[in-house]
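Novice: Listed below are the residues making up each chain.
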Amino acid sequence: MKKILSLFLIVLFVSAPLSAQQRNTAANANEILIRNATVLTAARGRLEGTDILIRAGKIAQIGKNLRAGANAQTIDATGKFVTPGIVDAHSHAAVDGSVNETSYSVTSMTRVHDVINPNDINLYRALAGGVTVLNVLHGSANSIGGQNATIKIKWKRPAQDFLIPDAPPGIKFALGENPKRSHSNLQPGQTRRYPATRMGVEETIRDAFIRARDYKAEWDEFREKSKRDKNLTAPRRDIELEPLVEILEGRRLVHSHGYRSDEFLMLLNLADEFGFKVKTLQHGLEAYKIAPEIARHGAAASIFVDNWGYKIEAFDAIPYNAAILYRNGVSVSINSDSNERHRRLNLEAAKTMKYGDVPEEEALKMITLNPATQLGIGNRTGSIEVGKDADIVIWTAHPFSPYARVERTMIEGETFFDREQDVQNRAALAAERQTLERDEANRPSTSPRATQPAVPRERVKADLDDADDIDGGNHK
Amino acid sequence: MKINLSRFFAVFASAVLLLSSLFYQQVSAQSSANAPRAFAITNARIVTTSGADIERGTIIVRDGLIVAVGAGNLQVPVDVRVIDANGLTVYPGIIDASASTGIPAPRPTQQAGGGGQNIAQFLQQQQQAQQQAQAQSNSTYPAGLLPEIAAADLIRTSDSSIETARNSGFTTVLVVPRERIFQGQSALINLSGETAGEAIVRAPVALHLTFVPLQVGQFPTSLMGSFAAVRQMFLDAQQLQEAQRNYEKNPRGTRRPDSNKSLEALFPYLSRQTPGQAPIVFQANTEREIGRVLNFAREFNLKAIIAGGAESGRFAEQLKAQDIPVLLSLNFPRRTSSTSPEADPESMSVLRARAEAPKTAARLAAAGVRFAFQSGGMANYTDFWANAGRAVQAGLARPAAIRAMTLGSAEIFGVADRMGSIEPGKIANLTVVRGDIFDRARTVTHVFVDGRMYEIPAAAPTTTGGGGANAAAAQAIAGKWNLTIQLGGQTVQATVTLTTQRNQLAGQFESTLGAAPISQGEISAEGFRFVVKLNVGEQVDAVFAGRITGENQMTGTVTAPQGTTSFTGTKTP
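Same order as they appear, the protein sequences are chains W and S.
Heads up: the first sequence at position 272 corresponds to 272 in this note's numbering, and the numbers run straight through without jumps.
In short: position in the second sequence from 1, add 476, done, that's this note's numbering.
There may be inaccurate statements among the hints.
[Stated by the list, open to error] With a straight-line Cα cutoff of 25 Å, these simulated DSS-like cross-link-like pairs (lysine-lysine) come out: (1) S:K796 x W:K156; (2) S:K796 x W:K227; (3) W:K351 x W:K311; (4) W:K216 x W:K277; (5) W:K388 x W:K154; (6) S:K725 x W:K225; (7) W:K230 x S:K725; (8) S:K835 x W:K156.
It should be emphasised that the hints constitute simulated quantities derived from the structure, not laboratory data.
Only chain S is shown next, with the shape it has when bound in the complex (with noise of 0.2 Å):
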């Protein structure tokens, strides 16, 4: 008997297409774990970043790695899935130079009832947090100054900011910690896989600085006793590398140096000593905060990273003729609002600010600085895409911009050579996007990462906000509520009745603390957030953050310039 083996073989393969695509369909909404690995996407316009756009070709993904790249219709395998991307662009995997993505944020502790807490107790609770953080590392400084935090540790991929981030477009982020002072060492990680270990690529990469002071009552509170806490603790770690060096050459008859777990976690960044010195992100946006930082790197022989770099434009030709990077924040200086109709018109340089925010990107790439966009923080994931499309407005090249947010980016963090780019061998990290990349309108429909495939539908809770998708949420938002706000010792209550139009927040809040509209009001994956003014013996703007904890239920915490409390909900039927 004659076998048409081709034909056997065509027919075979296409059922187990069939089953595969199945299997996968009933698997994937729990684990991707047997999820095809293998894929062909064809009639793509794909941007390599690394050679020429492709305006018609085809990227063949296979076990995480991107295996082909070309124009036309390519060889496809018969063994994989195929997603046709007509008129669809296909961008290297975009990558946010610096979030806290994957790691939980503090939530408020809220005990069962309403039961609420004074600041007394909120501050307690804080306190014992660092306690914690303190007997995690079995350090003896406090929390804010623990360089061996890393992010690594912290990752937990079942933190819902890492689908929030994949549905928004990212594959990559560069992970920090959400520490002060020292924010700890950070972990680049691709947005997909079961462990923290699966997600991380490179770890660490980096350790981050702010100089931002601590709590009242724990050193250092002011700006310049972050500089000082700073500045002793690189001074004493120089001086236990040194001590720990001559030990080992003679220990015999030799004191034993202390083992110091932050000190010693300091030493991949110390100069002079460290072959491969490894590099410390400075979080420094306007001029003078840079040329502090600067001023510090050198002090030390540091080998520096800026982050923010709001006005390190200023600074072009310095940072190429040091070679320093700049993780380039698109959260762009907003306009605050309050309801004070007698309020001072805004100084100029904040006026000069807001204008002058998007034109640094031109000037860095001009003078031929390596800098990469991150998200800064930002509320909403939209803003980057729209504030990286007003960089390109002000006269950042579009390739340039494409390039800040995949292969410089890699470049910067040392993974060129593994992601960055649409090149054969490269990790399978892919955007797949219809319509303009820095167009509002545009949609990310696939996220490949580490070739795994993940759909985003056009209706999903993709950005935090954004596509004005998150409709349930929305909805169990909009209604009239009662709060119940702790302020010191006692409870004040409140009703708020708040109404949503995508995923923007409006209303009008009322107590005994005064009634006004509310403002800045928003709805995202994490929860919902709006700004009331209060009158608590002055005006002071009152930050509401919080979530639907249940049916008719919420809970959050109230910040003002005084501190931080909590507050319960209820909804009024």
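In isolation and in its complexed conformation, chain W is listed as follows (with noise of 0.2 Å):
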């Protein structure tokens, strides 16, 4: 008994990596067809009854009456709108711990990616809100804070799965109140932290690239000595500086929190001293007051749509800003910075059409393509084109209108929302909870004295960026 128990053991933990494994290659060298649908391409226009055929994660095909092998999963879009999955460039979700270091100014050295939590519920309603692609960020407590990870929300996966393996890394940077931390209560005993001033954080930041630019020095020598001296010690390895180094030698993308003006200009000017580039600026909500010198820097601009007036930096913000921007060539994107707007951006898209008359598609890539584009994989995602990731969204009805709902995500051809299979989980999950709550561990306790659980009651907010909590922005 004991030998035909071990046996179906060692069957079942054999088989079951290996079955996951076939599900995987099945569903990504099966081939998918959704047909006859509204395409919202984000690249080239609108197609109108056009089939798209999806093999091995890839689309492969765009047409009219595609054909498929036998074998492929058919899916009837008729009358519903597709959209490539919307790219959120500003995310705090699934961050284990605090958003932000707060100890130092500059934390180059903190990693979004070594506490990324693939379980939290916010990716799941972000996938139910068309998102496949965050951009997760360092709160923006911090001049210079930790680095980004780029990321598909790849439910029921382990962390790992969800990193975008050739995203360009980034990082954030932070100007104005957060950085100089008008908001922040210090707690008795504690001392308040430099810089205090817009001036003191231009200087924080010219300090740590001073420093890099030494340490880059250091280590190039150090290379240079060593091919004639193999008995060299390596200088030290400063993780908080190597970040920074990769921005000068232009392997690491500046996604930069900030507000005014003035100081965009002042981040732009320091970034041509050291020549680096600013990939984005963040929420800018003065971009439109210097949007030809951002374009000719080059720096793209993401941002909220029409959130104003909630610090004393955000008073200047017009909802015209997404159309002024455009108009002078900036690529624009809108994101979230929020667990409770990602699931919504799609109606933030479309205000960009009724403040400024962006076009219906340009408002379209302000949620796909130009976020794609601003966080270095838009070669792989944010439009439904041949040869990119089958990253896309099957909508009810136009994603612009307040009436559309998400019936399926897909990233890489693989389905990880299905409106129709969540409604139908929820009798099943209803059922595991009720047997959860008779186990004896869930079970309440019999005791007068028992009260009910104490349950943390969660609080999403929308109108608030991340530097805003006491304990430095951390949104859980």
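Work from the hints to combine the two standalone chains into their complex.
Specialist: Structure, rendered in structure tokens:
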């Protein structure tokens, strides 16, 4: 009996990972045909009555009356709208622990990808809003914050699978009230952190890059010398300065939080001084004032559409920001910075059509191709084009309609959100909950002293940014 | 004259025995140094863990070692104290694979006369304590990033926690310092002996590492900061090691690398260069925590052990393949309670975690992962046995469960050649139990540590509860107390009426911050603890922990999400 049991266990353990693998390759190798949809490509306009053929996780063909293999899964999308997966270029979902390392104003040594929580329910809710990619950023409490993680929401997979392997690395910078800690309440016994002024923020960033330049020189010298002398001890590796060297060498993207135009100009000038490029200006509420300067530097803007007035430096915001930047040739994306707003970025994009008449496809690009390009992954996702990852959303109506709902969200051809499936699963979940609540470990105590379980109430915010919490911006 | 020699010796021996046992009774209260060092445990059921169980047998212990084990009545020497263990079961001494036993807990500092302190003063004191820790080690790193902290230096054999653990049936503990991030280097100790040196079996055993960040304002304050801080220290240690080696090869004409105690403490744990690389115990419970620390261990080629391991069953194959042991916590998640009637229902993940916790041990065992049970900071040692029992109910074989607190643990700590089983030549660590070891009703009657016998009185302050025997403490705490709580420079008056039932505390708390029944009240050898829902702008759980300091006096700390402060109390007659 024991033998049979252990044999059974062996079979179970050996076959379990295998079958998972088989399932994946099956999902990838098998063809999927989305039929007869209205496709908003975010690159080549709007295609009516169009089929999309997905093969091995990539978009293989786009056209009318496409033919798929015998085993292909067919999805009838008659009357439905299909868009690329939404890319949110500013998120703090899925971060375990505090979003901000508030101790220092330069914390480039921290890495979001060390602390990804793949089980954060906000990820699933983002999928349900058609989001496939998140730029998960460190908070904005520091002049130079931590390294970001560009992830695809491969729900129910381990954290490692979420990381996009060829996404260029990035880093968070921040300007203004947050890094000078205008809104932070000091704990008793705690001293105020440097910098406390906007000019102090500039000095902090400049100082960091001077140190990084010296550090790079030290290593360059060692590499040169060690060609002749093999016994040389390598210089100390400094994980605070390494990412800054990567910025100087153009290998790491800078995503800078900020509001005021004068500060953005300061950063762009500072970048010119050190010879690097700022990739995105995050929030950029006053970016419209310096649109030509931003275009000249080659920076992009990742903004809110009509949020304003929630702090002093947010008073000069206008909802025409996106349109003005767009007409000045700046790449614009609309981001969420919120576990609430990321569920309805489609409607945020729609607002840009109202404020300033941004063309429909350009508005859609602001939540798909533009943020993908800003994150350096525009070659693989962000639009519906042959050869790109099959990151695809099927909507019940035009995504700019408030009545539109996501039916299905696919990443690389695999479905990670299926509304029908979700509805079906609810009964099973309710049954599981009932069983679990009957379980001894979960059964309420019969003691008269017993009380309700303590469950922290969830608060989802959309009107503040990530440094406003006393603890340094931990949204959970 | 003919002398009956054998008779003479028998009389002589019994006289010696009588004298020595009298002597033993006299001195046992102060010292066990002169206690008899030879025992025969007869008629016992013996669970050897190394071989088959012996249904009725004898164990002979002499000078701290097991000298003989066998079925039936072995030849019992005349000079031993005989313990008739009829109806009792003898196990190898039970090992707690992680605890801070013997390291005094930080006590709330409290001036006489009840003069309190505000949060600022409290933080200042904490800062001073931190500076002290730094000064002691002469390191430039802050407290929390001092891998040189060694349990062996911190153990105080007089600490009451040693007796508490021993009374609960433990003979041996892997003692881990109480620091955060780098918790420090552990020591395996036997719960006996006058000095730390006598108690220590092996030190250091491992370096213990959590990624729990430090206090506000002190890098690192975030989880990702913790990873960065630890990563930089490992890189620096690697670099320093290389620099020192290069310097030793050629000191003349080379600038001497700085000595650095904290980084040098990491050398034995670094990879490649180190023969006999020492293990690092990573605290990790959830699937993602375990995934993270396994990645980190791979990054620096470290020899890893997982501690906590609540969801380690999901990594069973990987842990087996890489031979990574688990120090599995028996402190299973429990329901927390609040008084808020409109609390949200608990999430599925919380419900699932509680239901799944007991199943992990069986999963590890099925995959052949080496694991040992630890108490995991539980407040009440009764949970150790009860939860081991739950693991057995969830599919873990009984012998495997016993092994995970005896021989299995000894193997992980590299001491299986000297303890962990009942075999001749091994250290005489024995736990003698009446009843089923996994049953709540079981009692520990004797504990042998290094060959010293400790009889556990039925009504002694044994476990930190469970038996409910701490009657004096219970009586001292029951009644109505006037509390003075320090809160941000001002004092808040409150009354709490406490009733006790065995080791449980119940009662009502009243103050300007609200009135609420107390919950999760417990009395232990350490003191007492209860939770009150307070309204300080928002509803928070305030955890009161303290002790009775004199007749009708109590002192302790209140911990809420906002921080920790102190309180004092006077009992109203």
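Novice: So, for every hint listed, does it hold in this structure?
Specialist: Results of checking the hints against the structure:
1. S:K796 x W:K156: It holds: about 24 Å lies between the C-alpha atoms, which stays within 25 Å.
2. S:K796 x W:K227: Violated. S:K796 to W:K227 sits at ~43 Å, over the 25 Å cutoff.
3. W:K351 x W:K311: Holds, at roughly 22 Å.
4. W:K216 x W:K277: Holds, at about 18 Å.
5. W:K388 x W:K154: 17 Å, holds
6. S:K725 x W:K225: Holds. S:K725 to W:K225 sits at ~19 Å (cutoff 25 Å).
7. W:K230 x S:K725: 14 Å, holds
8. S:K835 x W:K156: 21 Å, holds
The structure shown violates just one earlier hint, number 2.
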